[in-house]
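Participant: Using the sequences and the accompanying hints, generate a full structural model.
Just so we're aligned, residue 1 is where the sequence shown starts under full-length UniProt numbering, counting upward by one.
Derived from the structure by calculation, the hints contain no laboratory data.
Misleading hints may appear alongside valid ones.
Stated by the list, open to error - Have a look at the derived ranges for each label pair, beta carbon to beta carbon: (1) D3 with G198: 35 to 41 Å; (2) E68 with D216: 34 to 40 Å; (3) I232 with G27: 32 to 38 Å; (4) E184 with E220: 26 to 32 Å.
As the list claims (entries may be wrong) - Result set (EDC-like, lysine to aspartate or glutamate): computed pairs, CA atoms no more than 20 Å apart in a straight line: (5) K231 with E218; (6) K140 with E188; (7) K140 with D130; (8) K140 with E184; (9) K140 with E116; (10) K231 with E168; (11) K231 with E25; (12) K140 with E114; (13) K231 with E220; (14) K231 with D167; (15) K140 with E220; (16) K231 with D216.
For clarity, every value in this text was computed on a predicted model and none was experimentally measured.
Beta carbons: idealized from backbone N, C-alpha and C, even for Gly.
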Amino acid sequence: MSDTPWVSLFSGGKDSSWALYRALEAGHPVERLVTVHPEGDSYMYHTPATHLARLAAESVGIELLEVEPSDFEADSAVDSGEQGDAELEPLERALETLHGEWGGIGGITAGAVESEYQTSRIQAMCDRLDAELFAPLWQKDPRDLADAMLDAGFEILIIQVAAYGLDESWLGRALDHDAIAELESLNEEYGVHILGEGGEFETFVVDGPHMDRRIDLEYETVWEADRGHIKITDAWLAEQ
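Facilitator: Structure (C-alpha coordinates):
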(Lines of atoms letter the chains of each structure in order from A and count residues from 1; the text may use other names and numbers.)
(Lines give C-alpha, C1' and ligand atoms only; values in the text may rest on other atoms or scores of the structure.)
Protein backbone atom coordinates (compact mmCIF):
# COMPACT_ATOMS: atom_id res chain seq x y z
CA MET A 1 0.00 0.00 0.00
CA SER A 2 1.38 3.43 -0.97
CA ASP A 3 2.42 5.87 1.77
CA THR A 4 1.39 8.85 -0.37
CA PRO A 5 -1.08 10.89 1.72
CA TRP A 6 -4.79 10.56 1.15
CA VAL A 7 -7.56 13.15 1.28
CA SER A 8 -11.11 12.59 2.50
CA LEU A 9 -13.92 14.75 1.12
CA PHE A 10 -15.80 15.50 4.32
CA SER A 11 -18.95 17.34 5.36
CA GLY A 12 -19.64 15.73 8.73
CA GLY A 13 -22.71 14.00 7.29
CA LYS A 14 -23.18 10.24 7.47
CA ASP A 15 -22.04 9.36 3.94
CA SER A 16 -18.72 11.21 3.93
CA SER A 17 -18.11 10.11 7.53
CA TRP A 18 -18.68 6.47 6.58
CA ALA A 19 -16.31 6.78 3.62
CA LEU A 20 -13.66 8.25 5.94
CA TYR A 21 -14.22 5.53 8.55
CA ARG A 22 -13.93 2.76 5.96
CA ALA A 23 -10.73 4.32 4.54
CA LEU A 24 -9.15 4.47 8.00
CA GLU A 25 -10.32 0.92 8.70
CA ALA A 26 -8.61 -0.20 5.49
CA GLY A 27 -5.36 1.44 6.57
CA HIS A 28 -5.31 4.26 4.01
CA PRO A 29 -3.11 7.17 5.19
CA VAL A 30 -5.73 9.93 5.33
CA GLU A 31 -3.85 13.08 6.29
CA ARG A 32 -6.36 15.78 5.38
CA LEU A 33 -10.11 16.24 5.52
CA VAL A 34 -11.47 18.68 2.96
CA THR A 35 -14.76 20.47 3.54
CA VAL A 36 -16.40 22.65 0.90
CA HIS A 37 -18.70 25.43 2.13
CA PRO A 38 -20.92 26.29 -0.84
CA GLU A 39 -23.30 29.23 -0.65
CA GLY A 40 -26.94 28.31 -1.16
CA ASP A 41 -28.04 25.16 -2.93
CA SER A 42 -25.45 22.91 -4.50
CA TYR A 43 -25.49 20.13 -7.07
CA MET A 44 -22.19 18.71 -5.85
CA TYR A 45 -21.95 19.16 -2.09
CA HIS A 46 -23.72 18.56 1.21
CA THR A 47 -24.69 22.07 2.36
CA PRO A 48 -26.25 22.27 5.87
CA ALA A 49 -24.13 22.91 8.99
CA THR A 50 -20.81 22.32 7.25
CA HIS A 51 -19.16 24.60 9.85
CA LEU A 52 -19.52 21.68 12.29
CA ALA A 53 -16.90 19.82 10.27
CA ARG A 54 -14.27 21.71 12.30
CA LEU A 55 -15.38 20.05 15.53
CA ALA A 56 -15.70 16.69 13.78
CA ALA A 57 -12.17 16.98 12.40
CA GLU A 58 -10.85 17.81 15.87
CA SER A 59 -12.60 14.75 17.28
CA VAL A 60 -11.27 12.54 14.47
CA GLY A 61 -7.78 13.99 14.89
CA ILE A 62 -7.09 14.82 11.24
CA GLU A 63 -6.27 18.31 9.96
CA LEU A 64 -9.09 20.06 8.09
CA LEU A 65 -8.78 22.09 4.91
CA GLU A 66 -11.79 24.32 4.24
CA VAL A 67 -12.83 25.64 0.83
CA GLU A 68 -14.76 28.84 1.55
CA PRO A 69 -17.55 30.55 -0.45
CA SER A 70 -15.08 33.27 -1.48
CA ASP A 71 -13.17 30.60 -3.39
CA PHE A 72 -16.13 30.13 -5.74
CA GLU A 73 -16.22 32.21 -8.87
CA ALA A 74 -19.38 34.09 -9.85
CA ASP A 75 -22.00 31.69 -11.14
CA SER A 76 -22.15 31.92 -14.92
CA ALA A 77 -23.41 28.37 -15.44
CA VAL A 78 -26.50 27.98 -17.57
CA ASP A 79 -27.35 24.36 -16.80
CA SER A 80 -26.81 21.79 -14.07
CA GLY A 81 -23.85 20.18 -15.83
CA GLU A 82 -21.99 23.46 -16.14
CA GLN A 83 -22.83 24.35 -12.54
CA GLY A 84 -21.46 21.02 -11.30
CA ASP A 85 -18.25 21.60 -13.23
CA ALA A 86 -17.98 25.14 -11.85
CA GLU A 87 -18.59 23.95 -8.29
CA LEU A 88 -15.80 21.39 -8.62
CA GLU A 89 -13.18 23.98 -9.64
CA PRO A 90 -12.33 25.47 -6.20
CA LEU A 91 -12.10 21.98 -4.69
CA GLU A 92 -9.78 20.83 -7.44
CA ARG A 93 -7.59 23.93 -7.03
CA ALA A 94 -7.27 23.18 -3.30
CA LEU A 95 -6.35 19.57 -4.03
CA GLU A 96 -3.84 20.64 -6.68
CA THR A 97 -2.12 22.72 -3.99
CA LEU A 98 -1.94 19.68 -1.68
CA HIS A 99 -0.72 17.59 -4.60
CA GLY A 100 2.15 20.01 -5.08
CA GLU A 101 3.00 20.16 -1.37
CA TRP A 102 2.96 16.39 -0.93
CA GLY A 103 4.35 15.37 -4.29
CA GLY A 104 1.11 13.57 -5.09
CA ILE A 105 -2.18 12.42 -3.58
CA GLY A 106 -2.56 8.69 -3.06
CA GLY A 107 -6.32 8.59 -2.93
CA ILE A 108 -9.51 10.57 -2.34
CA THR A 109 -12.53 9.28 -0.42
CA ALA A 110 -16.07 10.21 -1.40
CA GLY A 111 -19.44 9.36 0.14
CA ALA A 112 -21.37 9.00 -3.10
CA VAL A 113 -24.15 6.39 -3.01
CA GLU A 114 -26.12 6.65 -6.26
CA SER A 115 -25.37 10.01 -7.88
CA GLU A 116 -23.68 9.46 -11.22
CA TYR A 117 -23.68 13.25 -11.57
CA GLN A 118 -21.37 13.68 -8.58
CA THR A 119 -19.34 10.52 -8.92
CA SER A 120 -18.42 10.97 -12.58
CA ARG A 121 -17.05 14.44 -11.83
CA ILE A 122 -15.10 13.30 -8.78
CA GLN A 123 -13.69 10.34 -10.72
CA ALA A 124 -12.56 12.65 -13.53
CA MET A 125 -10.90 14.93 -10.96
CA CYS A 126 -9.13 11.93 -9.40
CA ASP A 127 -7.92 10.90 -12.84
CA ARG A 128 -6.48 14.37 -13.43
CA LEU A 129 -4.72 14.24 -10.04
CA ASP A 130 -3.56 10.65 -10.61
CA ALA A 131 -5.29 9.66 -7.36
CA GLU A 132 -7.33 6.57 -6.51
CA LEU A 133 -11.04 7.14 -5.85
CA PHE A 134 -12.28 5.31 -2.75
CA ALA A 135 -16.09 5.31 -2.75
CA PRO A 136 -17.19 2.49 -0.40
CA LEU A 137 -20.88 3.42 -0.48
CA TRP A 138 -21.17 3.45 -4.27
CA GLN A 139 -24.06 1.31 -5.57
CA LYS A 140 -24.45 -0.48 -2.24
CA ASP A 141 -27.88 -1.47 -0.87
CA PRO A 142 -29.20 1.47 1.20
CA ARG A 143 -30.57 -0.72 4.01
CA ASP A 144 -27.29 -2.63 4.25
CA LEU A 145 -25.39 0.65 4.46
CA ALA A 146 -27.70 2.04 7.14
CA ASP A 147 -27.39 -1.12 9.22
CA ALA A 148 -23.60 -1.14 8.83
CA MET A 149 -23.31 2.47 10.03
CA LEU A 150 -25.47 1.85 13.07
CA ASP A 151 -23.86 -1.50 13.90
CA ALA A 152 -20.44 0.19 13.79
CA GLY A 153 -21.60 2.66 16.43
CA PHE A 154 -22.35 5.77 14.39
CA GLU A 155 -24.67 8.25 16.13
CA ILE A 156 -26.41 10.16 13.36
CA LEU A 157 -28.64 13.21 13.77
CA ILE A 158 -31.16 14.39 11.18
CA ILE A 159 -30.57 18.12 10.69
CA GLN A 160 -32.72 18.94 7.64
CA VAL A 161 -35.81 17.45 5.98
CA ALA A 162 -37.54 18.24 2.70
CA ALA A 163 -39.87 15.45 1.65
CA TYR A 164 -43.51 14.47 1.86
CA GLY A 165 -43.99 12.28 4.94
CA LEU A 166 -41.18 13.91 6.94
CA ASP A 167 -42.56 16.46 9.39
CA GLU A 168 -40.98 18.70 12.03
CA SER A 169 -40.71 15.81 14.48
CA TRP A 170 -37.85 14.41 12.38
CA LEU A 171 -35.65 17.44 13.01
CA GLY A 172 -33.01 16.57 15.58
CA ARG A 173 -34.09 12.94 15.59
CA ALA A 174 -31.51 10.17 15.73
CA LEU A 175 -31.26 8.11 12.56
CA ASP A 176 -31.48 4.80 14.42
CA HIS A 177 -32.98 1.41 13.59
CA ASP A 178 -36.51 2.60 14.43
CA ALA A 179 -36.13 5.62 12.15
CA ILE A 180 -34.79 3.43 9.33
CA ALA A 181 -37.82 1.14 9.66
CA GLU A 182 -40.13 4.16 9.40
CA LEU A 183 -38.19 5.43 6.39
CA GLU A 184 -38.66 2.07 4.68
CA SER A 185 -42.42 2.51 5.11
CA LEU A 186 -42.21 6.07 3.76
CA ASN A 187 -40.19 4.74 0.84
CA GLU A 188 -43.00 2.34 -0.03
CA GLU A 189 -45.68 4.99 0.41
CA TYR A 190 -44.02 8.15 -0.95
CA GLY A 191 -40.73 7.05 -2.48
CA VAL A 192 -38.58 8.58 0.26
CA HIS A 193 -35.02 7.24 -0.07
CA ILE A 194 -34.03 5.62 3.23
CA LEU A 195 -30.59 7.29 3.11
CA GLY A 196 -31.93 10.64 1.87
CA GLU A 197 -30.08 10.25 -1.41
CA GLY A 198 -32.67 12.38 -3.21
CA GLY A 199 -32.24 15.27 -0.78
CA GLU A 200 -35.14 14.12 1.42
CA PHE A 201 -33.05 14.68 4.54
CA GLU A 202 -29.53 15.64 5.63
CA THR A 203 -27.54 14.37 8.58
CA PHE A 204 -24.63 15.05 10.90
CA VAL A 205 -22.60 12.38 12.71
CA VAL A 206 -22.20 13.34 16.37
CA ASP A 207 -20.20 10.26 17.37
CA GLY A 208 -18.57 7.19 15.89
CA PRO A 209 -15.75 4.68 16.41
CA HIS A 210 -13.32 6.94 14.52
CA MET A 211 -13.99 9.90 16.84
CA ASP A 212 -12.34 10.53 20.21
CA ARG A 213 -15.07 12.75 21.61
CA ARG A 214 -18.79 13.10 21.00
CA ILE A 215 -20.12 16.36 19.59
CA ASP A 216 -22.94 17.89 21.65
CA LEU A 217 -25.33 20.39 20.09
CA GLU A 218 -27.83 22.98 21.16
CA TYR A 219 -30.26 24.03 18.46
CA GLU A 220 -33.64 25.44 17.51
CA THR A 221 -35.92 23.97 14.86
CA VAL A 222 -36.92 26.07 11.88
CA TRP A 223 -39.98 24.91 9.90
CA GLU A 224 -41.18 26.53 6.68
CA ALA A 225 -44.32 25.09 5.06
CA ASP A 226 -43.22 21.56 4.08
CA ARG A 227 -39.54 21.58 5.00
CA GLY A 228 -37.25 22.51 7.83
CA HIS A 229 -33.83 22.42 9.44
CA ILE A 230 -32.19 22.80 12.81
CA LYS A 231 -30.41 26.06 13.58
CA ILE A 232 -27.29 25.31 15.62
CA THR A 233 -26.95 27.76 18.53
CA ASP A 234 -23.98 26.05 20.20
CA ALA A 235 -21.75 23.04 19.59
CA TRP A 236 -18.87 21.57 21.56
CA LEU A 237 -16.83 18.42 22.14
CA ALA A 238 -18.02 16.46 25.15
CA GLU A 239 -15.63 15.73 27.99
CA GLN A 240 -13.80 12.44 27.67
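Participant: Tell me if the beta carbons of D3 and G198 are separated by a distance inside 35 to 41 Å.
Facilitator: Given about 39 Å between the Cβ atoms, the range holds.
Participant: Keeping to a limit of 20 Å between CA atoms, is the pair of K140 and E184 held or broken?
Facilitator: Within the cut-off at roughly 16 Å; holds.
Participant: Going straight from one Cα to the other, do K231 and D167 come out at no more than 20 Å?
Facilitator: Satisfied, since the Cα-Cα distance of roughly 16 Å is no more than 20 Å.
Participant: Hey, K140 versus E220, does the alpha-carbon distance stay inside 20 Å?
Facilitator: violated, 34 Å
Participant: Given the hint that K140 pairs with E116, test it: the Cα-Cα distance must not exceed 20 Å.
Facilitator: holds, 13 Å
Participant: Between I232 and G27, does the C-beta distance stay in 32 to 38 Å?
Facilitator: holds, 34 Å
Participant: Against the 20 Å threshold, does the CA-CA distance of K231 and E218 hold or violate the hint?
Facilitator: holds, 9 Å
Participant: Do the beta carbons of E184 and E220 sit within 26 to 32 Å of each other?
Facilitator: holds, 29 Å
Participant: Run the distance test for K140 versus D130: straight-line Cα separation, threshold 20 Å.
Facilitator: Distance ~25 Å between K140 and D130 Cα, so the pair is violated.
Participant: Has the given pair, K231 with E25, been kept, meaning a C-alpha gap of at most 20 Å?
Facilitator: Given that 20 Å is the threshold and the Cα spacing comes to 33 Å, the pair is violated.
Participant: Is the Cα-Cα distance between K231 and D216 20 Å or less?
Facilitator: Given that 20 Å is the threshold and the Cα spacing comes to 14 Å, the pair holds.
Participant: Straight-line Cα separation of K140 and E114 no greater than 20 Å?
Facilitator: holds, 8 Å
Checked against the numbered hints given earlier, the structure breaks hints 2, 7, 11, 15 and satisfies all the rest.
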